[in-house]
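Residue numbers (the numbering used here), protein chains in the order written: chain A, 1 to 407; chain B, 1 to 149; chain C, 1 to 177.
Check each hint, because a few of them may be wrong.
Said to hold, decoys possible - Straight-line alpha carbon distances no greater than 20 Å define the calculated EDC-like cross-link-like pairs of lysine to aspartate or glutamate that follow:
#1 C:29 <-> A:82
#2 C:34 <-> A:88
#3 C:35 <-> A:88
#4 A:225 <-> A:208
Claimed, not checked - Ranges between beta-carbon positions, derived for each pair:
#5 C:117 <-> A:249: 26 to 36 Å
#6 B:10 <-> A:86: 54 to 64 Å
#7 B:97 <-> C:74: 15 to 25 Å
#8 A:181 <-> C:59: 42 to 52 Å
#9 A:302 <-> B:97: 17 to 27 Å
#10 A:86 <-> C:3: 27 to 37 Å
#11 A:141 <-> B:127: 10 to 20 Å
#12 B:37 <-> A:270: 23 to 33 Å
#13 C:150 <-> A:86: 34 to 44 Å
#14 C:114 <-> A:225: 19 to 29 Å
#15 B:127 <-> A:193: 53 to 63 Å
In case anyone wonders, no lab produced these hints; they're calculated from the structure. Positions of the beta carbon are idealized from the N, C-alpha and C atoms, including for glycine.
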Amino acid sequence: MNKKTYSIPIGPVHPSLKEPMTFNFEIYGERIEKVNLAPGDNHRGIEFMGRQRNPIQIIYLAERICGICSAAHPFAFCQAVENAAGIEVPERAQYIRVIIAELERIHSHILWAGVAAHELGFDSVLYLSWRAREEVLDLLEYLTGNRINYGIFMIGGVRRDISEEQLPRIRETLEYYKDIYGKIEDIFLNDPTIAFRTKNVGVLTKEDALHLCAVGPTTRASGIKKDVRQDQPYSAYADLNVEAITPDVFSGEVNGDVYDRIIVRLLELVQSIQIIEQCLDNMPSGEIIAEKKLVKLLNQLKKAKGEGVGRVEAPRGECIHYVKLNESELPEVWKARAPTYNNLMTWVPMLIDQQIADIPIVIASIDPCIACMDRVTILNKNNGQKSMLTKKDLHELSVQKTRRITP
Amino acid sequence: MKLNKYFERSLWVFHLNTGSCNGCDIEIVAGLTPRYDLERFGIKLVGSPKHADVLLVTGPVTSKMLDRVKRVYEQTPDPKAVIVVGACGTSGGVFYNSYNISGSVDKVIPVDVYVPGCPPRPEAIINGVLQAWIKLENLRESMKTAQAK
Amino acid sequence: MEYMTPEKIVELFKEKFNGSIINSKIEIKTAGLKKNNYSLIWIEIEVKDFKEAVNLLCTIQFPHFSIISDNDIGEEIKLTYHFSLYYGEKSQEISLNLATSLPKNNLKILSITDLIPGAQISEREIKEMLGVTIEGLPDLSNIFLPKDFPKDVYPLRKDETGAVKMVNKEEEVKKVE
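Using the sequences provided together with the hints, build the complete structure.
Given below as structure tokens:
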């Protein structure tokens with residue numbers, strides 16, 4: 001039998017990763033036989049730039065590694081510098097950091113839920129969930145001054161306090177999310193169509209997740225209880241009882257498919273609300289920053305010598321920064337790693353043997369944004385004939401599949 | 001400004017990311033969703049530059065994207081307008097000294113409207129799109145009069 | 001699986017690679033109001049025993065691999081592999097940072113992808129960013145840098161092969177009219 005495979009390049013325009021991707025699929029009929037990943041279209045050389053700036057300037061650069069994780073990266077970076085220079089963060093600042101990080105998780109997970117629904121053809125859910133997301137953005141703006149790129153982290157603490165008058169507004173928003181959570185859960189976990197489209201699709205086995213060093217909800221959905229907040233509690237998480245969420249809490253079984261990833265993210269929404277409430281109840285009073293005067297802080301960092309690692313559980317998984325200070329204005333080394341870096345490789349086992357129409361939801365399931373499906377060229381190897389498939393066509397295929405299987 | 005004049009037909013927008021951090025991109029999508037609801041004006045994101053009237057470009061231009069930005073610009077039919085959203089596309093922003101970045105977007109393609117901010121609020125992006133719309137209508141009219149002559 | 005304290009892990013490494021451990025330390029950090037602590041292990045080892053050390057690490061538990069960080073210190077390039085052990089249990093995780101130095105005239109290190117497949121992207125990054133030859137790494141295409149990137153420029157190096165000369169080459173960009 002003459003087995004013809006077609007190659008489909010997808011990408012590279014891709015908004016959510018540090019590295020937008022180009023994918024190359026080898027397709028046999030409707031089935032994916034081989035996946036090649038080629039990231040690097042968004043490579044801006046951030047580490048190179050950072051090594052020419054002082055640590056306080058780097059905070060703002062770190063924030064702009066990713067606009068969605070704009071709390072996780074400065075959080076990890078500040079921790080790394082504090083560990084390297086031996087700066088103690090006041091307890092109140094640790095609590096404020098955790099509150100901001102958890103609010104970011106709420107915003108990121110709802111954003112993801114909307115994108116996933118869009119990929120399945122549920123555009124009304126996209127609009128409703130993004131409407132719900134605006135509430136947490138309003139709260140973030142109220143607390144930090146910005147909707148995105150909060151600019152609240154500083155080496156040794158935070159830049160803004162949460163005052164007594166602000167507490168009712170925070171609780172109000174948390175109540176709003178508690179109210180609508182039931183609806184979100186109902187849409188995603190009880191809907192037969194979503195179950196059809198996501199169960200046993202894009203399976204990542206426990207073994208693969210372990211060997212490919214996957215992080216975040218991607219690995220937890222495969223049954224590995226791995227969460228930095230639980231394993232190595234940093235900041236105020238050390239006082240809280242955070243437990244890694246695996247899908248068996250909800251459904252009693254672990255399959256490692258897209259459906260399980262939805263479960264993990266939705267349950268983490270509830271967890272985040274609980275963490276913020278605990279933080280608000282137990283927040284100690286006191287200073288919010290170790291050294292208020294930035295010139296003094298810079299001088300202190302200039303004299304510091306040492307290396308430090310900062311690890312943070314970002315919405316997408318473990319985010320790690322490594323900093324080495326060597327008695328100079330610029331850090332000797334700054335290395336940053338975003339969670340998707342480790343999760344990239346998990347796409348390969350997830351996508352093999354899936355259908356073309358499942359590409360969008362499987363790629364979205366590890367939570368990058370998937371607007372990368374910009375230009376898809378189908379190249380027929382035999383006669384060199386080219387046909388263009390746009391993001392829209394690919395999306396259309398996905399929507400059609402949903403319609404076909406809807407009972 | 002008489003707004004009605006510019007609302008004769010729907011404006012289709014193609015969003016192109018040339019190496020942005022994603023902050024602007026989610027604000028663009030936020031502009032389309034119910035709180036800000038750009039679609040009530042008939043403004044719509046489309047999946048191909050060949051259908052678009054306006055290019056919405058975010059981010060500094062990385063080396064790998066350089067050629068693609070030009071190709072997308074050339075694929076967009078005339079009359080067209082280019083909007084740059086965000087500080088890094090406008091001037092390089094925080095990414096001013098990298099080996100892999102070719103600089104701001106206006107070094108690569110002609111730009112009509114700049115929306116500053118890191119990231120700009122959805123209201124600012126909507127305002128930017130309206131500015132481009134006004135420019136497009138003027139372009140169309142001048143094209144019409146040129147044809148009539 | 002028996003839980004080993006950080007001291008025991010360091011002892012185990014010292015026992016096995018006595019001569020080639022350059023230095024080792026255990027760092028204890030605290031967090032929160034309750035001052036709960038967690039520990040980090042820093043070990044520096046000679047490059048000849050590096051692969052064996054990773055192998056030993058895999059016998060304790062399949063380690064979680066995070067990233068390889070690099071440091072160009074004049075005559076040598078120092079690579080630090082960041083691992084963690086005992087994840088999955090409350091407050092049990094130990095970070096293990098395994099460092100090794102490669103002289104610039106012999107930038108070669110054995111790949112660990114046969115032990116930990118997840119290390120592939122990081123190893124390829126080190127290869128293209130610093131010009132380190134990773135022996136036994138299957139896929140050798142560029143991962144972050146464009147295909148036409150100059151062959152003799154390694155962005156994260158601090159010597160004459162660094163990328164400083166590549167910054168602001170904007171005048172080469174041709175604008176579409």
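Right, here's what the structure says about each hint:
Restraint check: the Cα-Cα separation between residue 29 of chain C and residue 82 of chain A comes to about 11 Å, which is no more than 20 Å; the hinted pair holds. Proximity of residue 34 of chain C to residue 88 of chain A is assessed by CA-CA distance (about 14 Å); at most 20 Å being required, the pair is judged to hold. A threshold of 20 Å between alpha carbons decides the hint, and for residue 35 of chain C with residue 88 of chain A the separation of about 11 Å falls inside it, so the pair holds. Of the supplied pair hints, the one linking residue 225 of chain A and residue 208 of chain A holds, its CA atoms being roughly 14 Å apart against a limit of 20 Å.
Between residue 117 of chain C and residue 249 of chain A the beta carbons are some 29 Å apart, a value that agrees with the proposed interval 26 to 36 Å. Our hint of 54 to 64 Å for residue 10 of chain B and residue 86 of chain A holds, since their Cβ atoms are close to 59 Å apart. Range check, residue 97 of chain B to residue 74 of chain C: about 23 Å between beta-carbon atoms, so the 15 to 25 Å window is met. Take residue 181 of chain A and residue 59 of chain C: their Cβ atoms lie about 44 Å apart, and the range 42 to 52 Å holds.
Take residue 302 of chain A and residue 97 of chain B: their Cβ atoms lie about 21 Å apart, and the range 17 to 27 Å holds. A beta carbon spacing of about 29 Å between residue 86 of chain A and residue 3 of chain C agrees with the range 27 to 37 Å that was offered as a hint. Take residue 141 of chain A and residue 127 of chain B: their Cβ atoms lie about 19 Å apart, and the range 10 to 20 Å holds. In this structure the supplied range 23 to 33 Å holds for residue 37 of chain B paired with residue 270 of chain A, their Cβ-Cβ distance being about 29 Å.
For residue 150 of chain C and residue 86 of chain A, the Cβ-Cβ distance of about 40 Å falls inside the hinted range of 34 to 44 Å, so the restraint holds. Checked against the hint of 19 to 29 Å, the C-beta distance between residue 114 of chain C and residue 225 of chain A comes to roughly 27 Å, which is consistent with it. Range check, residue 127 of chain B to residue 193 of chain A: about 39 Å between beta-carbon atoms, so the 53 to 63 Å window is missed.
Hint compliance for this structure: hint 15 is the single one not met.
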